[in-house]
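**Q** Heads up: the sequence lines are chains H and G, in that order.
For the first sequence, the residue numbers in my numbering are 10 to 653.
For the second sequence, the residue numbers in my numbering are 3 to 141.
In case anyone wonders, no lab produced these hints; they're calculated from the structure.
Cβ atoms here follow ideal geometry from the backbone N, Cα and C, with glycine treated the same way.
There's no promise every hint is true.
[Said to hold, decoys possible] Just some of the chain G residues that point at chain H, by a computed CB distance under 7 Å:
no.	residue
1	Arg13
2	Val14
3	Trp49
[Stated by the list, open to error] A few chain G residues that face chain H, going by a derived Cβ cut-off under 10 Å, partial list only:
no.	residue
4	Leu99
5	Pro103
6	Gly129
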Amino acid sequence: MLLERIDITNFRQYHGIQSAEFATDLQRNVTVFHGLNGAGKSSLFAAINWCLYAAAVDGIGELINKQAIQNTADGDSVVADVTVYFRHEDRRYTAKRQLFGVRSGNACTNQETTFTLVRFNANGNSETVQNPIAVMNSVLASNVRPYFFFDGERMEDLTKAGNEEVREAVRNVMRLPMLERAEEHLGWVASEYRREIKRQGSGELERLVSEEDELRAKKQYCVRRKEEIRTEIVFARQRVEELSQRLRDSDGAKALQQRRDEINRTLSVWERQQKDLTRDIQQAVNRSYHRYLAVPAQSALSVLDQKRERGEIPSGVREQVIRDLLDAHICICGRRFSEGDSTYDHLHARLKTTSTKQMETETNTLAASIRALSLAAEGQKSALETSCRLREDGKAEIERLYLQKSDVDHELRDATSDDIASLERLRSDIQAKLERNIANQAANDRTIADIDAKIADVQRQKKLAEDKEQKVLLLGRSEELAQKAADAVTKLREEFFEDTRKNIEASTKQVFSRLAWKQEHFQDVQIDENFRIEVTDRWGTPTRKELSAGERQILSLSFICAMSNLSGEEAPLVMDTPFGRLSGNHLAAVAESLPSLTKQLILFVTDREWDEASRTNIEPRAGRQYCLNFDRSSGCTQIVEVDN
Amino acid sequence: MDTQELKESDRVSIENVVHQYYKELTDKSSQDPEGAPFLLMKDVFMWAVAIGIRNGTRQPLSRPTSQIFRWDQFSQDSDVPALKAVAVAETGDVEILLDPPAILRIAEEYANAGIRELRTELSEREGRPLWNLLSLARS
């Protein structure tokens, strides 16, 4: 979608008909609207959102221009409308939203909105689109809009800990709900087939199908529950962090909260070390079966030794002597023999029972290996015991740290200041809930794994039963196919989501390093599994909490640009007050980079934002510039184009 | 013994009914080592052999069976000599070293006898499977 023009009539402070063309040239792709606070930037931004999506107008008051209401006789109707002209996939569209009202005193009543969308063909013919909302959604989905048409003041929210918006943004921009619908539909088709099998099948198959249905229903419940718990965890983490921050900011609690932060940091180091030790123990214990094989190993050694004592090992000489005697047909005592007589048969039989060279190698190697194994087992045992001891020490240290943390918790809870005590009580309640939810999540995951195992088992049994019933075989195959497709879509969705997260993480990092002027100070940007955006500094320390407001805005902007780049959507970036918290180097870097990060950029900036630095960097890329002139006497705004 | 010598018999077989135990004891072991203590199915197999030997029980496999991994997954330094030692001790005859399928069959029968008990000791006793396995290794 590329915006071409807007006509605005009697909307908010825009009286009469006013228009603006948007820059669409690839080299000069920026359109700038600048004006003082209150001049009408946000109203114009709202007009675009309202026209296309009926959005962004909650809580902004009357939409119909007050002057237009005053100019209308009481009881007569008055109209506000906004028309946006845009291009999408080589076709032109005109979207028009109108608000009709009837003047009643100084206000408007009986307000009614209409929306029309007209599509123009290549030959210039037009048609009114019958399902305009659906078509608008296919051009740019309404749930994705806030990430392309966004309010700079709200941008910083994206970087808050565990922000659900980040996850939702990724889900929507990457059109994951479509995959989720496919998954749901295929699951439904499979369940329909199962119902049919039940109707036509034998008792055994019917029982198995019912069992599978029940298991899948249980799994569906657990998956839903998993999502609920996840949301609760994200919310609780955010609340705990907010409350901890308030304690950090409070003079009476600052020292204790910092102490607790320090303990938490140390705890996470120890807990990570415990995980590593657990893996070491796992590896060592996997090889520790040798102690049970000590007896057979000793017996084998005895057998090998006896063989050697009997002279059967090494055997190469014996074997060669017998072969020479057989070839020469002369016994070791000098007597001649011929093939088939008793001496020949006797020697031949001995050759068969005599070990070969291969046997000699095998036996020698095995004896050496058994002896080496028993030595290695001692070494492994000692390494295992060392890991176990370190883990026990770690466990004790972790317990000690938890006790220290508990002391800090008590001190804060018993603080003389009621504010601190109640903040801490609230924090500790939410923390307890968070921990319960983490445990619930693990239990729920185990239940899902159990159900999956049971489903696999039932499917195996079902396959056997189906084989017996040719009649329902075809249905069984169709059901299996549909279920496999549903499962494949689930897997695909999960993998795609994970890949997307990693790609957005990489792209955010890349954009952030272009926009942040202290780029050498920041080493990495990460978006974890819970969609928390984190920045690490040159020492590898998480540093998001220490970012300035401007840096947080840059981080959000990087995230939004990353999503816009990766989404594959052809959509403009429309930003209201994007540079509000930026100054100096940040402003210059953003102004320089932003035009090249999107196909079309539309900016609503205050005069303060439109300073020397932003002008110098953006003007060469600006195809259109407008000044929003607010007339104090009429209370209305004029859109005036200014030369570049 | 190399894979060439083993030819068709180079895959390790287990009874179908115990396949799920092998899966359960290895599934997602990198994420939850305490819950799924074994890194590979061959590690479960070696421990099942060890438990079978501890109990002095061999149990021929009942059909249906599945082949779960290849012989070359065994460690040449530790697993293979251990299995050969078991075979020599069992038969009292070094000739078995030249008969790889026979070595494997003996191991499979010990594992078949030990796997159920191994699973019971790890998963049905109090405590998480990895620590139960550690107790077994120390006992």
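**Q** Next, verify each hint and record whether it holds.
**A** Outcome of the hint check:
Using the Cβ-Cβ criterion of 7 Å, the hint placing arginine 13/G at the interface with chain H is not satisfied: the shortest such distance is roughly 20 Å. With its C-beta approaching chain H no nearer than about 15 Å, valine 14/G sits outside the 7 Å limit, and its interface hint is violated. Taken as an interface hint, tryptophan 49/G checks out: its beta carbon lies about 5 Å from the nearest beta carbon of chain H, inside 7 Å. Interface hint status for leucine 99/G: upheld, as the beta-carbon distance to the closest one in chain H is roughly 4 Å, under 10 Å.
Annotation: interface hint on proline 103/G violated; nearest CB of chain H at approximately 15 Å, more than 10 Å. Of the supplied interface hints, the one on glycine 129/G is violated, with its beta-carbon coming no nearer than about 14 Å to a beta-carbon of chain H, more than 10 Å.
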